[in-house]
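Student: Sequence:
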Amino acid sequence: MRPTAVGRSRSCTPTARRRRSSATLRRTSRSPHLPAAEGDPIMGELNETQRYFIEEHVEDFRDGLIPRRELVRRVSLIAGSAALAASILAACDLSARPAASSASPTPSPSAAALVAQPFATPPAAPTADGITVKETDPRIAVSKPDVRGADGASLMAYQARPAAASGKVPGVVVIHENRGQTEHIKDVVRRVATAGFVAVNIDLAARDGGAEKLIDPAAYNAALGKRSVPDKLADHNATFAYLRGQTSGTAGAVGFCFGGGEVWNILCGGAPAELKAAVPFYGPQPANFAELAKAKAAVFAVYAEQDTRITGTAPQMEEQLKKAGVPYQITVYPGVNHAFHNDTNAAGDRYNAVQAQMAWVATIEWFRRYLA
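Read in order, the letters of the sequence shown correspond to residues 67 to 438 in the numbering used here.
Do not rely on the hints blindly, as some may be mistaken.
[Unchecked claim] Using C-beta positions, here's what the derived DEER-type ranges look like:
1. A231 / S294: 34 to 40 Å
2. A190 / E278: 25 to 31 Å
3. R135 / K292: 19 to 25 Å
4. A231 / A182: 20 to 26 Å
5. S232 / E136: 46 to 52 Å
6. A412 / R135: 19 to 25 Å
7. D159 / A229: 48 to 54 Å
If you are wondering where the hints come from, they were derived from the structure by calculation, not from laboratory data.
Ideal placement from N, C-alpha and C gives every residue a C-beta, glycine not left out.
Full structure from sequences and hints, please.
Tutor: Pasting the structure below:
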């Protein structure tokens, strides 16, 4: 079954139903996926990113991907104390989630293989190390440029560019998931470069050592969760500023999970003029999502049918994109869940090669259309 696309020329809405996911905290919320903080002594202790991370871990527990002890450990690190974690989890529905509906079956790779592309695409099966394009691939040149934040701190940038490019080409900022600059994310940077773009990623927890030092995902979440939206936007702006001198002058942004939310944050927080195309993969809706009506970039939003906590916000995002008057497309990929593009997500069958490949080819086509 092919994905459902929603574009400016159509009046239909995404396939996802507008319903509150049972994975969210059982409290009145300002949106389908963020619990309210105003007037709540428990939720008032958490910022937007921390709430998102906790909801992700609750969903992982309910899907059977992590045991209860690991859930408590992760939430304790994010919240800052075991006592606060206990209060938060007491407000959560921790019952096992029913198996996803089979109403929209996803074909197997053998039944629906993509036509070979001239650029790197997600692999046909999950990987153990996340590497599909080696740093020594003759199509690209890899480097670690010295990109620094406004405070002078190194942002641990990782870059790949087309080896045979004559002249300057457009740039793409790749924004990581909630685990930072992993091997998978660096591989995505290299994949972008094989398609003819200068691609760069920074680690938003670089000041704490980044993923290289914070190898425990829960510890990484705890460090990243302390960063404010303005601080993260400042680092994104520093990355775009770096790209200005490396590219033809136009730039795109693509992010996954937490990084998809960061793409929305950039669009809602006054994106730099050179940002012409943005692709958030199943990104959480920011609190100030109404500011999306001021966006100037062309937006291709990727959602997963079974990821109801995130996909349920797609109609609200589409409403703001219509107000912005920018080219946009919202695609809900059937039969898949959150993080279906990450080929290191073998647990729980999250990775889906067919839909990941389709979404990636559509992403590159979007960049080629609007960054030319």
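Student: Look at each hint and say if it fits the structure.
Tutor: Hint-by-hint comparison with the structure:
no., hint, result
1, A231 / S294: 34 to 40 Å, "holds (37 Å)"
2, A190 / E278: 25 to 31 Å, "holds (29 Å)"
3, R135 / K292: 19 to 25 Å, "holds (24 Å)"
4, A231 / A182: 20 to 26 Å, "holds (22 Å)"
5, S232 / E136: 46 to 52 Å, "holds (51 Å)"
6, A412 / R135: 19 to 25 Å, "holds (22 Å)"
7, D159 / A229: 48 to 54 Å, "holds (51 Å)"
When each numbered hint is compared with the structure, no violation occurs for any of them.
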